[in-house]
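Taking this note's numbering, the leading residue of the sequence shown gets 30, the next gets one more, and so forth.
If you are wondering where the hints come from, they were derived from the structure by calculation, not from laboratory data.
Some hints here could point you the wrong way.
Said to hold, decoys possible - FRET-style restraints, in silico, Cβ to Cβ:
| hint | residue 1 | residue 2 | range |
| --- | --- | --- | --- |
| 1 | 211 | 81 | 28 to 38 Å |
| 2 | 78 | 172 | 34 to 44 Å |
| 3 | 122 | 193 | 27 to 37 Å |
| 4 | 46 | 218 | 21 to 31 Å |
| 5 | 81 | 229 | 33 to 43 Å |
| 6 | 209 | 60 | 35 to 45 Å |
| 7 | 200 | 47 | 14 to 24 Å |
| 8 | 39 | 81 | 28 to 38 Å |
We put the beta carbon where it would ideally sit given N, CA and C, even for glycine.
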Amino acid sequence: MSLDGTRAHLRGPGDLPPLVERAARTAQHLGFPYSCRPEQGRLLRALAAGATRIGETGTGLGVGLGWLVTGMRDDATAVSVERDPGRAETAAWLFSELAPQVTVECGDWKDIAAHGPFDLLVLDGGGQGKGDEAADPVELLRPGGVLVVDDFTPAARWPPLHEGSPDLARLHWLEHPALRSVEIPLAPDLAALVCTRRQD
């Protein structure tokens, strides 16, 4: 989730996929500012095209999930978990008619494990290791599966820093022995980590 991500979707040129726009307008109406940004969404759409089983933590009101659905193949399925009951219910309703291959559940981020392993897993609402427990990619990903951890600022040096100290959350993923990981700058102030579970 990004601060002001909801508004970023609605102040652009108006070329959003319909499901993304619907979710963003719902988030705006309900006063939820923390949707992913459009730059993140476009990355998620591209990655979804290569997956048949997709998972997400932190549905919010479904903006990021809308980007994933827009990129999904016809034979793909997705499940997203949201800890807030009201947001989970609203997001489930948004996707129920337009994307029947998508399930939104109310629960803690750890509940995503019951639906794995995944070809693509987006950690946006827990499990990132940013002050909370880090998810286990070996448990949650198929070999060759992709993990996305976003909402970083682009690193300008090594080791990457956060508030003047080594960025332990980012280093956890970049140096994880089960992953091959890369940081992708998406905007001058935004980067995502894309990590692939090793097959060897």
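Item to check | Range hint 28 to 38 Å (beta carbons of residue 39 and residue 81) holds or violated | outcome: holds (31 Å)
Checklist entry - Using the C-beta atoms of residue 211 and residue 81, is the stated range 28 to 38 Å upheld? => result violated (23 Å)
Checklist entry - Taking the beta carbons of residue 78 and residue 172, is their distance inside 34 to 44 Å? => result violated (19 Å)
Next on the checklist: 21 to 31 Å was suggested as the range; check whether the CB atoms of residue 46 and residue 218 agree with it.
Outcome noted: holds (24 Å)
Item to check | residue 122 versus residue 193 beta-carbon gap, inside 27 to 37 Å or not | outcome: violated (44 Å)
Checklist entry - At the C-beta level, are residue 200 and residue 47 separated by a distance inside 14 to 24 Å? => result Distance hint for residue 200, residue 47 is violated at roughly 39 Å.
Item to check | C-beta pair residue 81, residue 229: status relative to the range 33 to 43 Å that was hinted | outcome: violated (22 Å)
Item to check | Range hint compliance [Cβ, residue 209 to residue 60, 35 to 45 Å] | outcome: holds (39 Å)
When each numbered hint is compared with the structure, violations occur for hints 1, 2, 3, 5, 7.
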